[in-house]
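Q: In order, the protein sequences belong to chains L and Y. Just so we're aligned, residue 9 is where the first sequence starts under the working numbering, counting upward by one. Just so we're aligned, residue 9 is where the second sequence starts under the working numbering, counting upward by one.
Keep in mind the hints are simulated off the structure, nothing from the lab. Just so you know, not all the hints are guaranteed correct.
[Unchecked claim] Heads up, simulated DSS-like pairs for lysine-lysine below, C-alpha to C-alpha not over 30 Å straight-line: (1) L/152 - Y/278; (2) L/243 - L/177; (3) L/33 - L/119; (4) L/278 - Y/278.
2 protein chains.
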Amino acid sequence: MTTSREVHLKSRPVGMPKPDNFEVKSVDVPAPGPGEVQVQNLFMSVDPYMRGRMMDRKSYAAPFNLGEAMYGGAVGKVVASNDPSLKQGDLVQSMMGWREVFNAPAKSVQKLPGVGLPPQAFLGVAGMPGLTAYVGLLRIAELKADDVVFVSAASGAVGQIVAQIAKIKGNRVIGSAGGAEKCAFLKEIGVDEVIDYKAEADITKALIRAAPDGIDVYFDNVGGAHLDAALAAAKPFGRFALCGMIASYNAVEKADPVYNMMFSVGKSLKLQGFIVSNHSDMLPAFLGDMSKWLAEGKIKTRETIDEGIDNAAGAFLKLFTGDNFGKMLVKLA
Amino acid sequence: MTTSREVHLKSRPVGMPKPDNFEVKSVDVPAPGPGEVQVQNLFMSVDPYMRGRMMDRKSYAAPFNLGEAMYGGAVGKVVASNDPSLKQGDLVQSMMGWREVFNAPAKSVQKLPGVGLPPQAFLGVAGMPGLTAYVGLLRIAELKADDVVFVSAASGAVGQIVAQIAKIKGNRVIGSAGGAEKCAFLKEIGVDEVIDYKAEADITKALIRAAPDGIDVYFDNVGGAHLDAALAAAKPFGRFALCGMIASYNAVEKADPVYNMMFSVGKSLKLQGFIVSNHSDMLPAFLGDMSKWLAEGKIKTRETIDEGIDNAAGAFLKLFTGDNFGKMLVKLA
């Protein structure tokens, strides 16, 4: 019998989540049953989309239940196996984050491919955030040669990959981030024009200064004033991949308003939201391209790693205050 | 020498246009030169998109010049011809509205097809508004069998055609309009659920009541709270044709805000603006279908006709107060 600790949703957050919406509980984990493995998580992911699951409403993802452990992306090591498909020491990926140790059917976890990447890369650049960037830029925004690309939250887990894929493809890239350190990182990864949104009174003016001839593609991670800026700066037939709107995830009544939707008529813009799980057909192409780009040193990544299950909720909260930098992870072992 | 009267833009409107932004001027029209025809306009169109041309800004359409006659769709009769391609009495369509009589190169006007429709139909159901409905619904919103369709300003020039094409295709249609008379007309043309937006405190609640299982397609002529309602009520993978946002055409500083764009991410919505002139490849198919539907009595239309060039500016202003009903026309002869 092993003891694990896991993070429960204690109460549903209203507005910005607070530490006391969460609690850490100890549970006993028996030996794995037939067909099961026991996994010790090495890293778990915290992602903005999880905020939506904390609300009790119909959405593309079922809500977390109160008084139960939450879940999400994690990578871990098999510590005991009762199934021939996996053996002790195998590294696996699962949706069983927010806990230290768990039992699960062997077929519900995925063995990590041995491509020489650290395991936590499969929660970031080589995982869901990376695939999100790839799908959004190449399929949803239909990236073309000579497109000028704007990406918001460009130092974030998804944004930093968007920016670098666009640079690999030879596009001009404008990125926004908050603060000098994140903006310096954007310059380092080759972003052509950097907007420090915390230092700008008017993001629209800053974007038009950065892209006086307009933008063709906008990869939206923020919504609100960033989306307004992109609508104002878009060229005719611009394409927007709507990936997330973190500015509004904690809105209690109304989200950040958008005033410039009228530009989408006159400029024939296409704005398209997407959920990466509907585009898993692109995973093989993504893994092929991304392994090559990583091997060639063409993609740099930044991550923030907090340690221990007791700090998992705090790591999640950092996503909304901008206190993380790049992919936010929690190291569990 | 003939005398014509024409409407000039005297000053650029700020906010809601006022009668004194316009003035009627008399001009002399000489005999048509070589290759030219002289046309007496029978009807001219006033359309919401003209509001944009009254502003001096870069857009898909060049702005009207101050102190010159405005222009727009018109149908008229050739009264003198100096070109073999057209003869006296021919009915033609042109972009030379806002005036009574004009000379123009014969090749710059289009002879109306003899399909048994009254000439003003080519400014409405069989013209630009009809084609706009057809393109927006079938190409931009990719209408499919079983789609639930919501159209705003559904009694308007474009909206009434959208609603009826969708009914012909067998779809369930929800339409919004302002006031009992317009709503009664929507029932008459087969709209399944009618929302009188002037009688509803909350358009979102009204739409969810009308479409408890959600909408698949939204044809937006209004923007603002109507767009928010459609975002809230949309099913996953909903498609929005953004055709116009009349709620915001006269905004001085900021347009009507939209708060619900975040739904476009979670529900993988596609919102696409369009300008009908970029889709003229669909004109033959449209004219084929529309002639058939009109001949079969499947399309009813409502229009408001004001008389005389002196009332043209007033007719235009009615578009923004809702005092028109259906296609707004000015009869000039």
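Q: Quick check: which numbered hints come out false for this structure?
A: Nothing - there is no hint that the structure violates, so all of them hold.
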